[in-house]
Each structure stands twice: as C-alpha cells, then as structure tokens.
Amino acid sequence: MSADVTIFGAGVAGLCVATELVARGIELRLVDPQPSPGAHACSWWAGGMLAPFCEGESAEEPVVRLGQEAAGWWQAQGVDVSHEGSLVVALGRDRSELDRFARRTERHERLDRVTLAEKEPQLEGRFDRALFFPDEAHIAPRAALAHLRQRLDDRNVPVLERADDVGGLVIDCRGLAARDVLSDLRGVKGEMAVLRAPDIDLRRPVRLLHPRHPLYIVPRGDGVFMLGATQIESGERHRATLRSVTELFSAAYALHPAFGEAEILEIGVDARPAFPDNLPRIRRWGDTILVNGLFRHGFLLAPALARMVADLVLDGKIPEVMDEDHGER
Amino acid sequence: MVTFYGTEVQSRLMLGTALYPSPAILEQAFRRSGAGIATVSVRREAGTERAGAAFWDLVRQLGVKVLPNTAGCHSVREAVTTAQMARELFETNWIKLEVIGHADTLQPDPFGLVEAARILTDDGFEVFPYTTEDIVLADRLLEAGCKVLMPWGAPIGTGLGLTNIYGLRTLRAQFPDVPMVVDAGLGLPSQAAQAMEMGFDAVLLNTAVAKAGDPAAMAEGFARAVEAGRLAYEADPMEPRDMAAPSTPLIGKAFLE
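For the record, the sequence lines run as chains Z and B.
So the first sequence is numbered by full-length UniProt numbering: it starts at 1 and just counts up by one.
So the second sequence is numbered by full-length UniProt numbering: it starts at 1 and just counts up by one.
Calculated from the structure, these hints are not laboratory results.
Possibly wrong hints are sitting among the right ones.
What the hints assert, rightly or not - With a Cα cut of at most 16 Å, we get these calculated EDC-like pairs of lysine to aspartate or glutamate:
(1) Lys119/Z / Glu84/Z
(2) Lys211/B / Glu27/B
(3) Lys65/B / Glu27/B
(4) Lys211/B / Glu84/Z
(5) Lys65/B / Glu91/B
(6) Lys211/B / Glu97/Z
(7) Lys119/Z / Asp201/Z
(8) Lys211/B / Asp94/Z
(9) Lys147/B / Asp122/B
(10) Lys147/B / Glu126/B
(11) Lys147/B / Glu8/B
(12) Lys211/B / Asp99/Z
Kindly generate the complete structure, drawing on both the sequences and the hints.
Right, dumping it as structure tokens:
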C-alpha cells in the first residue's frame, strides 16, 4: 500500500511527528526495523524531565521557549504527566554552583531548609538551600513511547519493518542512524542507571549540581528511580564504563545515603544525536524532511518539532529551526 | 609569538575544549579569542571504534594547533597509553601530560609525572607536563627531557587565580629560558594578565571560558588580558615603591631628598 507520508524512525521524534500528523488528518505509515519502542532507540534511556527552565542553564534560548510546549502536549495525548516541578541542590562546598545556576535560569523559587523539607521531607537536613522550578514536569519515557505507539495502532496506522516502495513525502526521524546523510550530526554518549530504592520517597526530579559530575534523579514511582546521565563526546552506543557508573552512583549516594542500599535494576548507555550547536534541525531536501539533533531534549522538544513538521506539511509554514539552504545531500 | 618545541604559535592564549555548552560555542570562543592552541582530552572519549571521531574532527577544524592531553589519568601506565593513542589520533608528538595524584583536588602526582615524562620523551614525545610551582620537581622534569613546563595557578577548575605568587615567581626566575605556561586555576582575565606580567610565556584555561555565561566574550576578554600582560612584561614595568614619587618636580621645593 502507499500512504501520503512515510516516517522513518519510531523513536520519540518519529512517534511524536506521526501522532501530530495523524491528529491533523494525514494518512501515513511508520517504518522502523524494530517497530516497537525498546532499547534500540536512544529515547528509551531518557530521563523524561520536561524541564525547559533548568535546561536553560546550558542550552540556548529555543530549548527554553519550545520546551514549554512539551508538558501540555504530552498530557493532551493522554500520557501521565507529573506536574510536581523540579528541584536543584548542591552539596556544601559546591554551593556557589547553585547561585550560578540561579543566575542563568528563570522561573525558580529559592527554598531554605524548612521550605525544602516541606516539598521533599526526605531531603530534610541534607541541604540548607535549593532552587524549585514550579512550572516543570516529568513523564515516564518508556510508558510515553508505548502509549503513542498504541494509539497509532488503534488508529490503524501501519508500522512496518521496512518499506521498499517509497513514494510521496518522506520524513526521516532516524536519530543518529541518519548520520549516513547528515555529516554534521554527531553522537554524544550518555550513561544512566535505574535503581530500586524503596526507602526513598521523592516526588519530583532532583538535580545535584557538581562542577565535574552533575546528576539528576527522576522518580518513576514504586521506589524506582532513574539516575542520569553522563555526557561524553563520543558516538559510542554501548560500554557503560566503571568510571561513569561510579560517578553516577557516588552522586546518588551524596544526594541521599539511603541510595547506598538501592538495588541496581539496569545500567543503560546510548548516544544522543546532536548538531554542532546542540539544537534540533528540520531540513527539507525535495520530498524528504529530516527531523534530527534533539540531543538530550527528545521528550522536551519533540512536541514542538512535531507541530512544526505538521505546519510545514499542511500549511507550507517554514519552521524556525529549518535550515533550508543547507546544501548537503 | 611564542615557541614550543620549535613550533611558533601566534597567540599566547591556549584553551581547553571541554565543558562548553556546545561545539558551536566552543568554535566561537576560539574564533573570537584567536587562541593558538587547543587542548583536547582523549581519554574518556576513547572508544573501541573511534567513537569520539566526530568531536575530534570538530576540534581539528578549529584550525589551531592541537595539544592532546592525558586528563583524568591517575597512573603512569594510563598516561603513557593515552599519550600513545593521542599521537596516533592527532598525528602529533605533543602531549600535555597530566598524572593526577589526588582524585578530589586533581593535584598532580609529582613522582608519576617525572616517570611518565621520562618514558614519553624517550619515546619521542614532546611533553608539556602539568606540574606544580615546585622548583625541585621542575628540575626533575627538565632532566627527564621536558622543554616546556606547565605550572598550575591553582587546582583545576577552581578559578582561584595565582595562589602561590612567590612560588611562581621563584620558578620563573630559576628557569628563565624554559617556556612556561600557567595552566589551571585561572578564573578571570586579570589573573591571566598577572601571570603574563610575571613573565610566563602563555596561559592555558578551560573552565573559566567554557562555564561563563557568554563563553565567546569571556574568551576574548582573556585574549586581551594575555596580550596586555605580555606587553607590560616586555615593556619592563616600574618597580613598586613605598613612597609617592610625583612625576613632575614640585615647584618651589628645594632638593629635599
């Protein structure tokens, strides 16, 4: 069969673009050699923080602005979104990092020992200062991917392992695999871990600032926590190193010693697709639209990119992140 | 113009390539500062299939001389292996040798440093050892074959500036002909200027630029400070004195001195 549109890649970018296009009446098919969400996609290993303001500490302005669409979009798709905000803390001697973080970001409140304990009772006495970002949210990435996939199935969107008869419009959402056509795309390795720590109860993601090993912990519910993530200039998609994992675990232990008793459920590693400025791009070459470079902002930026792709396909509206003149092919 | 191991470099500012918000901003920092040498860490990125190639290509494309380093190596063997890998990757005999002795402060291990420097110079490397201001250690490193020294200003990433001015002055005075680069611990352009005023040949920094709100602007700030400090050094600065010395004679006063 042939559809109007073929999307290659069923990671977070492909699924969001497909969802948005289907919602706006486009008939399409989705192609991925491994069509069910899983460990082959780098979004499988994501933190799922919808934290545009925190990301503003190191990311450029479009990430902060476009990321603000994310929580509402995911919620509108029926994904369970926790609107609990996020917390940022630093250990004693790294306290100046907290001031720096506060200077670089917006929409935060300063907490002291007492107000922090009101938000997260288990952190009582561990930190005397924190930043709270009330407008931020988080989701469980794997559940969110599965949910989008299920909804496409419910709407009878064909999801194929391969497509030989490619005609019509092609949307390439293959992430790092698209390096075969995008020579300025690179991989940035990330390592993460999933822990079960039933003694620890946190309601919201916590970022622990550290000059060398910043870390975040995202509660997944039922005493399960995702611990992330390293950021190494390497396209390697395997081989979590002892050094990285030690850094992650030490930071978790520093956040709360009860993590010392946590069960290690999983250690994950993959590489994020990124362009040199770490900002996403939409490119159009004839009948192909490429959506890539979501870097560490897959779940945060895929909704905005999906909207832009739909506006481009349906209304011919040029997305702000499109570099049409890019000559490469 | 400064010369290291027979290679002339235009700028006396050297920048690290880690911790920038993105490679694009890294490139802007280099372009705006005119820094002549880029240090790059090969250790962590080293993978099984040249996985760091994309980032290293970006560094090569900066068009500056690349000085690979052994950052994060805690033993002689590790540092030597990393140096050998760096030589193949970047096709250079230059190596900034770091042998870390203390995981928390990242203070150099002086014993391992000398040993690794000897092994590497014997193997044809041109070694830039990351060292302290200790003059005995400096002497040992020179004996081991190093022809450049990289004393720290302060521990890596602290931004404290020159924490032992006396020690650095002594080091500079003891080995007046050895090219020396103040490496690590600089947080502000004024601190870089101070090092250059003291007669150091160049400065190397990373965090102060990479972690600034506007890295490219900060890189330019450092470049200007380095130039200012070097000019001042070459201009032979006045000696400070305790008493005011008016630059015009006081009319009507006899020779009171």
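Structure-based check of all given hints:
Only pairs whose Cα atoms come within 16 Å are accepted, and Lys119/Z paired with Glu84/Z is accepted, the gap being roughly 9 Å. Under the criterion of a C-alpha separation no larger than 16 Å, the hint pairing Lys211/B with Glu27/B is consistent with the structure, at around 14 Å. About 14 Å separates the Cα atoms of Lys65/B and Glu27/B, which keeps this hinted pair within 16 Å; it holds. With a CA separation close to 29 Å, the supplied pair Lys211/B and Glu84/Z exceeds the 16 Å bound.
Between Lys65/B and Glu91/B the alpha-carbon distance is near 11 Å, which keeps this suggested pair within the 16 Å criterion. Proximity of Lys211/B to Glu97/Z is assessed by CA-CA distance (about 11 Å); at most 16 Å being required, the pair is judged to hold. For the hint pairing Lys119/Z with Asp201/Z, the CA-to-CA distance comes to about 11 Å; that is within 16 Å, so the pair holds. Proximity of Lys211/B to Asp94/Z is assessed by CA-CA distance (about 14 Å); at most 16 Å being required, the pair is judged to hold.
Under the criterion of a C-alpha separation no larger than 16 Å, the hint pairing Lys147/B with Asp122/B is consistent with the structure, at around 13 Å. The straight-line distance between the Cα atoms of Lys147/B and Glu126/B is roughly 8 Å, inside the 16 Å bound, and the hint therefore holds. For the hint pairing Lys147/B with Glu8/B, the CA-to-CA distance comes to about 14 Å; that is within 16 Å, so the pair holds. Annotation: proposed proximity of Lys211/B to Asp99/Z holds, straight-line Cα distance about 13 Å (limit 16 Å).
Violation of the numbered hints given earlier is confined to hint 4; every other hint is satisfied by the structure.
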